[in-house]
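Enquirer: With the sequences and hints as input, model every part of the structure.
Taken in order, these protein sequences are the chains called A and B. 1 is the number of the first residue of the first sequence in the working numbering; add one for each residue after it. 1 is the number of the first residue of the second sequence in the working numbering; add one for each residue after it.
Where hints are given, some of them may not hold.
As the list claims (entries may be wrong) - Distance windows between CB atoms, simulated:
1) B:GLY98 <-> A:ARG82: 29 to 35 Å
2) B:ASP111 <-> A:PRO3: 25 to 31 Å
3) B:LEU20 <-> A:GLY58: 17 to 23 Å
4) A:VAL30 <-> B:SER105: 37 to 43 Å
5) B:PRO5 <-> A:PRO3: 44 to 50 Å
6) A:GLY58 <-> B:GLU50: 33 to 39 Å
7) B:PRO104 <-> A:VAL112: 37 to 43 Å
8) B:LEU82 <-> A:GLY132: 23 to 29 Å
9) B:ALA92 <-> A:VAL112: 49 to 55 Å
It is worth saying that the hints were derived from the structure and are not from the lab. Don't be surprised by glycine CBs; every beta carbon is placed ideally from N, CA and C.
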Amino acid sequence: MIPWDKLHGAMTHFPIALLSFSTACDFVSVTLNKLSIARDLRIVSFYGLTFAALASLGAVISGIALTKGDLWGRGNFAWHHRFVWPAFALLVALAVWRLVAREAMSRTGLWVYLILMLLASGLVAAAGYFGGELLLSGGGVP
Amino acid sequence: MRRIPLEIKGVLAGATTSILILVATFAASGTYRSHVAQETETGRTPLTAENLAAKGRGLFFQSCAHCHGQDADGGEDAPSLLKLQISGAHMALLIQSGIKDEMPSFGKKYDAQDTAALIAYLKTLH
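Expert: Put into structure tokens, the structure is as follows:
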């Protein structure tokens with residue numbers, strides 16, 4: 001039998017870490033846009049975001065298997081989902097946007113993208129917080 | 001004809017992919033959930049007292065431990081639930097209706113079976 005709880009716990013850390021790291025790289029690259037390192041940081045953030053989106057698929061699939069298909073739930077479980085679904089949707093959308101547009105972004109487009117990256121990071125962090133609360137409360141998944 | 005900028009194409013592709021993946025996830029999960037429910041229904045056996053209390057323990061940690069403490073021995077604003085001297089029916093009433101200005105009602109959150117599970121768990125704390 002597959003230990004979905006352990007698998008989900010392990011897999012969720014990849015999108016959390018990679019997305020936060022990618023957002024940080026993007027902001028640093030915008031701040032240091034006159035230096036040559038800015039381009040390297042944009043490449044790192046691109047791959048970070050792509051792998052975060054791919055890893056989020058694993059996290060979502062293992063989560064669905066763990067909850068036996070319950071997409072909402074109650075209490076902390078519901079709070080976890082209130083943040084997970086918008087975070088997942090935004091993360092996938094941003095990754096595809098970046099994959100298609102690459103470097104071809106206007107100044108306005110870039111700022112919208114950065115704000116959405118911050119929002120996605122916040123949503124993922126909040127989802128992770130309530131996921132952790134579920135785990136620490138000892139109640140597990142209802 | 002005016003060409004659509006690449007970044008707009010990216011936004012459209014991102015939004016479409018995101019919506020499609022969410023719809024697929026929700027649909028697959030709904031199917032999986034009904035499959036699990038069907039399987040559970042087929043092999044359903046009444047909950048034993050032990051299983052009922054175990055279920056109640058989960059519900060307790062989800063909704064009660066925050067105020068009444070992880071060990072149910074009371075918190076800053078909520079009393080201990082150890083060695084309760086009230087009947088199961090009274091516990092059910094308190095869980096379902098709450099106490100004005102002191103404890104929220106769980107009537108909408110927990111049905112009769114959940115309430116019974118919580119009571120079964122609370123009784124194990126005697």
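Enquirer: Confirm or reject each hint.
Expert: Hint by hint, here is what the structure shows:
1. B:GLY98 <-> A:ARG82: 29 to 35 Å: Check failed, 23 Å falls outside 29 to 35 Å.
2. B:ASP111 <-> A:PRO3: 25 to 31 Å: Given range 25 to 31 Å: holds, Cβ gap about 30 Å.
3. B:LEU20 <-> A:GLY58: 17 to 23 Å: Once the Cβ atoms are compared, 18 Å apart, the range 17 to 23 Å for GLY58 of chain A and LEU20 of chain B holds.
4. A:VAL30 <-> B:SER105: 37 to 43 Å: violated, 50 Å
5. B:PRO5 <-> A:PRO3: 44 to 50 Å: Taking Cβ atoms as reference, PRO5 of chain B and PRO3 of chain A lie about 47 Å apart, which means the hint holds.
6. A:GLY58 <-> B:GLU50: 33 to 39 Å: The hint (33 to 39 Å, Cβ to Cβ) holds, given that GLY58 of chain A and GLU50 of chain B are roughly 35 Å apart.
7. B:PRO104 <-> A:VAL112: 37 to 43 Å: Holds, since PRO104 of chain B and VAL112 of chain A (Cβ atoms, about 41 Å apart) stay within the stated range.
8. B:LEU82 <-> A:GLY132: 23 to 29 Å: Since the Cβ atoms of LEU82 of chain B and GLY132 of chain A sit about 27 Å apart, the hinted range of 23 to 29 Å holds.
9. B:ALA92 <-> A:VAL112: 49 to 55 Å: holds, 53 Å
Violated hints, listed in ascending order, are 1, 4; each of the other numbered hints is respected by the structure.
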